[in-house]
Each structure stands twice: as structure tokens, then as C-alpha cells.
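All chains, full assembly: derive it from the sequences and hints.
Chains as they are written, first to last, in my numbering: chain C, 1 to 265; chain G, 266 to 536.
Calculated directly from the structure, the hints in this document are not laboratory data. It cannot be assumed that every hint is accurate.
To be clear about the criterion: a stretch of chain C counts as covered by chain G if any three or more of its residues have a C-beta under 8 Å from a C-beta of chain G, and this derived list gives those stretches [what the hints assert, rightly or not]:
id: 1; region: 86 to 93
id: 2; region: 99 to 106
id: 3; region: 110 to 120
Cut-off 20 Å, straight-line C-alpha distance, at most; resulting in silico cross-link-like pairs (SDA-like, lysine to any residue) [said to hold, decoys possible]:
id: 4; chain 1: C; residue 1: Lys165; chain 2: C; residue 2: Asp65
id: 5; chain 1: C; residue 1: Lys76; chain 2: G; residue 2: Ala457
id: 6; chain 1: C; residue 1: Lys76; chain 2: G; residue 2: Trp453
Glycine residues also receive a C-beta, built at the ideal position from the N, C-alpha and C atoms.
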Amino acid sequence: MLRLQKLTKTYKTGDQALKAIDLDVPKGQVLALIGPSGAGKSTMIRCINRLVEPTSGAVLLEDVDLTGLGSGALRKARREMGMIFQEYALVERLTVMENVLSGRLGYVGFWRSFLRRYPQPDVDEAFRLLDRVGLLHMADKRADELSGGQRQRVGICRALIQNPKLLLVDEPTASLDPKTSRQIMRLITELCQERGLAAIINIHDVALAQMFVPRVVGLRFGEIVYDGLPTGLTPDKLTEIYGEEDWEATIEKVEEEQEEIEAAE
Amino acid sequence: MPVLARGDAQIWRRRTARESLTRAFGWLLGLAVFAVCWLMISAKTTWFFVFDAPRIAGDIWTRATPPRWEYITQLGRPIWDTLNIATLGTLIALCLAVPVAFLAARNTTPSALFIRPVALLIIVSTRSINSLIWALLLIAIIGPGVFAGVIAIAIRSIGFCAKLLYEAIEEIDQTQVEAITATGASRWQVMAYGIVPQILPAFAGIAVFRWDINIRESTVLGLVGAGGIGLQLSASLNVLAWPQVSLILIVILVAVVISEWVSAKVRGAII
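Written out as C-alpha cells, the structure reads:
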């Protein structure tokens, strides 16, 4: 469904953030993108919806090349791709409801959105989504009154109300505590399953990625160095992605946790 | 931050010896300049008038008190004019300052090469000329009266408001803008959802702050004939009617105190 072909990004400073990335994401697949800071994970996600302009290569979303689109067509294409951010990126001074409805901006005209006159089906859908993530009672609160986990849920609603085919998720758990992180990851993967969405999730936490996704892609210095099952991430592979370190603890922890969860269930 | 090794102990000083010496020399130089300036000013002052000042001030004080309270019936209209000059001037200035600010801010300007310098020029030129001088110019162009005062205040305020506003625009959180852009929103929608909510508190603060300043500025505009209570002030000064002057000063003081109180309340309510 999404195909990256020789996607390259060279910054003005001459840094090559992405070196001819080839990647294929089939419909409904959730994949985690891991790698050290500065490996180009964020750049890659932003090149897909062109918040960052790729230098060369192609991004094919259902066989339409996004890199060549004009601004109007690009806006239409962006509606197909929901984005979830590390620091939530909610508009802090707007209410939860306004933030969720802002996901429909690509579909409604300027004056309707300016006067907050969204079509009733959009409002219904917003209530349904807020209910789904357990924030229905918060709809009228201002976004800056919410806790980190709650804000990220609003961010998820904003992405989903776009009715996207693909989710681009940039470090969804980096500013959350471990328990909330798992809840958010579980929510994202569940919602993707419910709606048959594909997703690319940038994530720092290898253990968390292994817990929730069926496919892991490892990025290092702008190149894909691993692409496969989460169970295939051996200490050797992690060393290849991140560099030398004792990886046994990370991997064992995951296995123990999974056993615990299974035992608890 | 020099660290000196003395024996095996490491000694830390805030500055190196050379730096402290340079600083001491700088202070000495400053003192010397101050002393020279003091001497020059002193040589050009007629000290007789200065020593005479307390007596003259006392004399004016006795002439000015008590204020001529019955004169207040003639001040209602002028102080109302003054308030109107300040308020209308501020409103017009804000309407013009908003687009200028968006054109001047680095992250929203359509062209950093051509349009931004023009916007900055507007800001600098309107800011650098005092409203009293704008009023003098405008009286020559559109004749004396309240309207000239309104326009003078408006022009003077554009630069001030636009400058503070464009700085607020440049300091917004860019990820919120990114998030709105990523939904497929148009340029104007990004502005309305990603930028405007972030600068609204700053905008309200700037508006009441400038209104507060403008009340004070508009009280003197009458001195050059641009309407308001300054007109009465200059008339009274010309005929040496000191009891009237003191009453006018009291009225101005009360108006300024009330405007300060209002603007503090409004700012407190928004932020």
C-alpha cells in the first residue's frame, strides 16, 4: 500500500539523513521503526507526508507518487495519512473537541472550520472516538488541562478522525511513563487492527516494540540494517543497529514480561 | 573559567587575572567619563535658576492650590474626547498591525527577501516618530481636531503592536503548526488553528497595554491642537490659570489610574 523507492534526504548542511531507502508496507501492517537518535527515523516519517521535502526518490501511496504532487493534491493526500506526535502537538489553548475535530480540516472549508460549524457526522464520529479512548467526559476541557497519556489519546483521535489509510506515529511514548506507554501502544495497535490500518511507529524502546508489533525495521545512519520479525532481534542485530552494548538484559526482560502478561491473563 | 594547578590542589577562579584587570579598567574608564560629563554639564548650567527652583516651585504651588473645582464642568467633554482618541487609535492600529506582524514574522512571511523588509520598515518608521510629531504633521494635512489625534495615535501604535506581535508569532510552538498541516489543512486553516490560538493571549496583552499607553499619550495631543484634554491644558497654561492647570492634572491622573486598573484586570483575566 505504501512503497518507498530510493527515498533520499540530504539536508542543506550536507548531512545525509536518508540514503536511498526502499520499503514496502502492505495494507493493515503495523511496523516499528527502531534506531539510535539521529538515524533518520523522524525524517523518514516526515518525508512520507512531506512535512520534510525529500531530496529524491518516490513515495507511493496506493500507486500515487506523493513527491510530485502540487499543494492542493498534497493536502488531499495528507488526509489519507494520520500523524501522531511525540509531544502530542495538540493545540494547547483549544478544547479537546476542537483538537479532535481539527483532524477534519482537510475535508471542511475555511469558514466552516473557522466558525466551528463542523458537519454533524464529523461531530458524531468525534464523540464516538473520544468514547473509544475513554475521554468522552473530557470533551469540553482545554487540552493543556490533560495529563500526558490523555493528551496522546486526543492526538490519536485527531489522527483517526481523518479516516486515514495509514498512521505515521513519531515516538508516541517518549514522554510517557512505562505503564502509560504500554497502554498507548496497545491502544494504537488495537485501533489499527479494528480499522485495518497500516502504521509506521517510530520508537526508542526496543522492548516495547517487540511486545506489540509483528515487524521491526532497524535504521542506522539513514540505511535499513534490519527488516524482519521482532524475535529475530538478537544481540548481534541490536549491536548492528545501535552499536556495542550488553543487550542480553533488554531481550530477557521482554521475554519475562511477556510471560508475566500471559500468566496474568 | 580558569583552573590553576597549584601544587596538587586545583584552584578555581571565576575569571583569569587578565580578565579581572580588564574589568577593573573598564569601571575606571566609566567613572572618568561620568566625571567629565558632570563637569561639562555643570559649566553650562546657570546655577542661579537651579538654586532658585524651590522658591519658584513653592510659588506655583501656592498659586495652583486649591484647584478650581467648579471648572470640572468644562472638562467632561475633553476627557471623553481623550478617551475616544486613545481607544479608536488603538483599534485602528491593531487592525493594521496584525497583517504587518504576519508579514514581518520569519515563519509566516510570504517572502523573507522582499516583503519582510517592507514590513520591518513600516514598523521602524511608525515607531520612531513620537505621536506629538505625527499630530503636528497630520494637523497640517487634515486640519486640527480629534480626528488628527486619532490618526496620530493609530500610526504611532502600529509599529509598537506589530513588533511585539511578530515576536510572539516567531516564538510559537512549531510542532502544533506541523500537526495541523499534517491533517491536510489549507494555509489559512493552519493560520486559524495552528498559529492564532497560540498568539491570542499575547495579542490581548499587547492591545490593553498599548491602550493604556495611548491614554497617556493622547492627554498631551491637545497641546498641538489635536483635540482632547490637552487643549484645555495648553489654554490654561497660556493664561497662567494655575488653579485650572492643577485640576486638569488631577483629572488626567485619575483617568490614567483607572486605565491602568482596567488593563491590569484584563491582562489578569486572559493570562
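Verification of the hints:
{"no.": "1", "hint": "86 to 93", "in the structure": "holds (count 6)"}
{"no.": "2", "hint": "99 to 106", "in the structure": "holds (count 5)"}
{"no.": "3", "hint": "110 to 120", "in the structure": "holds (count 3)"}
{"no.": "4", "hint": "C:Lys165 / C:Asp65", "in the structure": "15 Å, holds"}
{"no.": "5", "hint": "C:Lys76 / G:Ala457", "in the structure": "19 Å, holds"}
{"no.": "6", "hint": "C:Lys76 / G:Trp453", "in the structure": "16 Å, holds"}
Checked against the numbered hints listed earlier, the structure breaks none of them; every hint is satisfied.
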